[in-house]
Amino acid sequence: MALSLRSASRKTWQTLSSIKTGVILIILVVIFSIAGTVILQRPMTDPDDMERAYSPAMLRLLDATGLTDVFHTYWFIALLVLVSLCIVAASIQRFPNSWRYFARPYKSPDESFRKNLPTQAQIPITGDEQGLSAAERAFKHLHLKTERIVRTDSFSLFSERNRISEMAVYIVHASLLLIFLGYGVVDAFYGWRGFLVLSPGTASNQIEMKNGATRTLPFSIRCDGTGEETYTDGTPKRWWSKLAVVDNGREIQRKEIVVNDPLVYQGVRFYQASWGRTGKLDQLILSAKPAGDTTRAPQEISLALNQTVALDPDTSVQLAEFIPDYVVQDGHVYARSNDVVHPAVHMIVTSKKANRSVNVWLPEIPDIAENASSPYVFEPKDLKTGVFTGLQVSHEPGQWSVWAGVVLMAIGLTFVFYVAHVRFWVVPVLDGRGQLALWVGGTANRNRDAFEQKFRRLVEQIQKELKPAAVAPAQTQATTTTAGR
Amino acid sequence: MAQARAEQQPATGTTLIVLVGLSIAFLLFMAFLNVVKSGNILNESNLLYAALIFYAGAGALYLGFGVTATESYIKFASLATWAGLVANTGAVAHRWYEAGHPPFASVYEMLLSFVWTLAALTLIAEKRYGVKVIGTVTMPVAIVGVVLMQLLRTEVHPLVPALQSTWLHVHVTLAMLAYAACALSFALAMMFLIQDKMKTESFLAATSVFTLGIYASILTRFEKWGGLSVIAWDAENKSEVFLAKNVRLFVTIPELGWMMLLVFAAVATPLVLYVMSRVKKNEGFLDVANRAIFISILLQILALVFFLLRARDGSYPSLDAEGLYPTNLAASPFILSALVGGIFANLLYLLLLWRREDLERHLPDADALDRITYKTICIAFPLLTLMIAAGAYWANRAWGSYWNWDPKEVWAAITWLVYALYLHMRITRGWRGRRAAYFAILGFAVVMFTFFGVTYLLNGLHSYA
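Sequence lines, in order, name chains A and B. Quick note on my numbering: the first sequence kicks off at 1 and runs consecutively. Quick note on my numbering: the second sequence kicks off at 1 and runs consecutively.
Don't read these hints as lab results, they were simulated from the structure. All C-beta atoms in this analysis are idealised placements derived from N, C-alpha and C, irrespective of residue type, glycine included. Treat the hints with care, since some could be wrong.
[Said to hold, decoys possible] The following label-pair restraints were derived from C-beta to C-beta distances:
no.: 1; chain 1: B; residue 1: Val-86; chain 2: A; residue 2: Asp-247; range: 42 to 52 Å
no.: 2; chain 1: B; residue 1: Leu-309; chain 2: A; residue 2: Ile-31; range: 40 to 50 Å
no.: 3; chain 1: A; residue 1: Leu-59; chain 2: B; residue 2: Trp-82; range: 18 to 28 Å
no.: 4; chain 1: B; residue 1: Trp-96; chain 2: A; residue 2: Asp-224; range: 45 to 55 Å
no.: 5; chain 1: A; residue 1: Leu-85; chain 2: B; residue 2: Ile-124; range: 48 to 58 Å
no.: 6; chain 1: A; residue 1: Arg-457; chain 2: B; residue 2: Ile-427; range: 23 to 33 Å
no.: 7; chain 1: B; residue 1: Gly-100; chain 2: A; residue 2: Val-264; range: 24 to 34 Å
no.: 8; chain 1: A; residue 1: Asp-224; chain 2: B; residue 2: Gly-213; range: 52 to 62 Å
no.: 9; chain 1: B; residue 1: Val-147; chain 2: A; residue 2: Tyr-231; range: 27 to 37 Å
no.: 10; chain 1: B; residue 1: Arg-248; chain 2: A; residue 2: Thr-216; range: 39 to 49 Å
no.: 11; chain 1: A; residue 1: Trp-99; chain 2: B; residue 2: Arg-248; range: 55 to 65 Å
no.: 12; chain 1: B; residue 1: Leu-309; chain 2: A; residue 2: Asp-49; range: 28 to 38 Å
no.: 13; chain 1: B; residue 1: Trp-96; chain 2: A; residue 2: Ser-98; range: 38 to 48 Å
no.: 14; chain 1: B; residue 1: Gly-213; chain 2: A; residue 2: Ile-31; range: 15 to 25 Å
Isolated chain A (complex conformation):
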């Protein structure tokens, strides 16, 4: 029983670490990702659009299988977890071998290795020392460091470059795991996103979350002003908001944010996401003239909602209602929408002495307004409606892991693709005819074209260095062989 359990776990391990499993998993990820882009996704689509696009039965099926929100279903997440496990298993499986390679470089090649190495050459020499020192000079000429390997019965040269390249693939895989960790673990469990709407002069610490819940921040954000700049054709050019962080009643930080430049405090980011008009009145500018009196100049007053302003010692006016888009029905005034398209204001003009209040409407609404009996005639000059700034609020502590992963991956990929581990060995040997020769061999783990060129240059350079010692060029038959790759 225990044995079979062990063999089962070994089998699982082998399956998990095999490249075949990895490839199949990636293909599955690709297929489901495609499904997630072809089928309309719940989080990004209006429910109405969903119902228009699919029949009710189809929609039920899609919802039940999670195909309407592929990227957040447990099976897609499970798939990504499996991919991560596969990467980990494959890396662990292959790591010891690479590590041996990395930690204990093979410095003095034995005979069978020399025989089987695809790229090698033999150069006739007259003496061990003469040959090796010529080779050393040649390496130096090509800016390669050499190491003399001294054994009891032989000595040889070893030179290598970029040994770290053997580890590069693990760097890339580790970086991928860092990204998964940041996105899939840290941000999935500790991150959140929400929305905050502020109008100038207000402060709040209540964030409306995507799912409709509210989140209370330990500090609040105050908006000191917001605005929009447009191009001449009316398309928005710039939205800005002046924000301040208020923590424990103290102002900690101030920043003017724009799109692409958020405010960050305690890991919470505030982004300029939208901007608009609230449909609420900010300020109404009016000119008021006493009724029937043409000699007195009109006075200009400004009113906010529910504000009362004295017009003369006896009379005052109060702004009672502001309706951004009014419609009259059955003797009542209703608001049709919150867009400021057909604004109407309701004011109450009070005379203390007469103890009389008059309802004034602008524009004058028949049957409701009592404008005719008002002691003052009002004329609207300007209407300032309120604006709001929409802030996207997010807390993504995992992003640092993601960015670290990205940087690491860039480094890893550079090593994987552009930095080759190149090794050279030089050993004095007796060639087939029993003559002394310098065996030169080398390998590279990638970019073999460039390596072979370098190898040829090295062999030529060694021959050149040997020249002063008068070696007949006819004898220098360097046999360079290459296995077909």
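Got chain A; can you put chain B on it based on the hints?
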């Protein structure tokens, strides 16, 4: 058309150079007259025009080299490419200066940058790797690009707030470089297949499937009573017409749908004949298929002409709103490039059909092509990685989240995964030769879908590009 003519009568010796020289001189003269009239020599449209002339000359010369193998053509072809590149650089610089941001904001500007990258890469591939005939493939693409740009010419558009970021430029530059590298790897993989003695009829099948795919996706816009719906165009604001946020208004051009359906059938014919030749093991069907290709090219050109005539301007009814709405070629860049791309692919097949031996003689050998394909992907993959990373970083600054599962993002990730698979198969499984070439082709198909298909067929945040 010009290509088909050049293939039928391969010019010998200096004839072609003289012809190309004469036509360049003529076109330059015409351009000169134009300049005298407008009194402004170094504006963007003149520079683009010059680039078009030189690229066209280079394309003709590369083709001439492909067909006749006259070495001197290559010299002149590179020279013409250089001249075109200089003019193109001028156009890019002019646009940049005028707009105040690097030219990546609209389809027009991206094409401008893409053509520039393509020309530069062609010269690099030729000088550095000695792949001389690469211009035969890339120059016609550049020509199509410049012609498309003439149709799509737009005023300098102001940037909406989300696009005002340096990271956008980094992201798009990387995307262009990566996609150009993918395009190159695709062309090299195709050349590998030619050198690997893949049968000409397999290319026939591939070309037909590709073209069939194009017409199938165009026919997704087929409407009742044989119409074809295209996006309405607001000439005054030079923009598409939106019914609501991200909902475009479509107008239906009558009869054009039937035309596309007819071409679809014409394109399917060679494929059917190919399948029959395989099933019945009768080579005779292939001869008919090659003739059918010829007919399908003619019909495709006809479809393009009809499309140009009807969609250039004019007002058409819409299914979603009452009244007539105008449209413009600028509103349908994808249909247009699909039509042109289909014709181009079929012409390339004809080149292969008629001049295979010459091509084989002048291409590098299969092993070298295999290696260079791999190397190009080694360049493309890190660029893709960085492109996605820069895009994520930008999204994080603009939308408050570095990953939104937006269709464009997902497809970029799919592209990345496909190339990652290629690399794993090659490095650990030792995939070489055909299988690797197929994979490189698949990779590029995914790139094309990410670039065009996602914008055309799927909605998302990336609505501006």
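Going down the list of hints, with the structure as the test:
1. Taking 42 to 52 Å as the suggested C-beta distance range, the pair B:Val-86 and A:Asp-247 does not conform, at roughly 58 Å.
2. A hinted range of 40 to 50 Å holds for the C-beta pair B:Leu-309 and A:Ile-31, which are about 41 Å apart.
3. The supplied range of 18 to 28 Å is broken by A:Leu-59 and B:Trp-82, whose beta-carbon atoms lie about 58 Å from each other.
4. A hinted range of 45 to 55 Å is violated for the C-beta pair B:Trp-96 and A:Asp-224, which are about 36 Å apart.
5. Range check, A:Leu-85 to B:Ile-124: about 41 Å between beta-carbon atoms, so the 48 to 58 Å window is missed.
6. Between A:Arg-457 and B:Ile-427 the beta carbons are some 27 Å apart, a value that agrees with the proposed interval 23 to 33 Å.
7. As the Cβ distance of B:Gly-100 to A:Val-264 is approximately 28 Å, the hint placing it in 24 to 34 Å holds.
8. Here the CB-CB span from A:Asp-224 to B:Gly-213 is close to 56 Å, well matched to the stated 52 to 62 Å.
9. Judged by the Cβ atoms, the range 27 to 37 Å given for B:Val-147 and A:Tyr-231 holds: they are separated by roughly 30 Å.
10. Taking the beta carbon of each, B:Arg-248 and A:Thr-216 are about 41 Å apart, inside 39 to 49 Å as hinted.
11. At roughly 57 Å, the beta carbons of A:Trp-99 and B:Arg-248 sit within the given window of 55 to 65 Å.
12. Separated by about 35 Å at the C-beta atoms, B:Leu-309 and A:Asp-49 satisfy the suggested range of 28 to 38 Å.
13. Against the hinted window of 38 to 48 Å, the Cβ-Cβ separation of B:Trp-96 and A:Ser-98 comes to about 47 Å, which satisfies the hint.
14. Checked against the hint of 15 to 25 Å, the pair B:Gly-213 and A:Ile-31 passes, with Cβ atoms roughly 19 Å apart.
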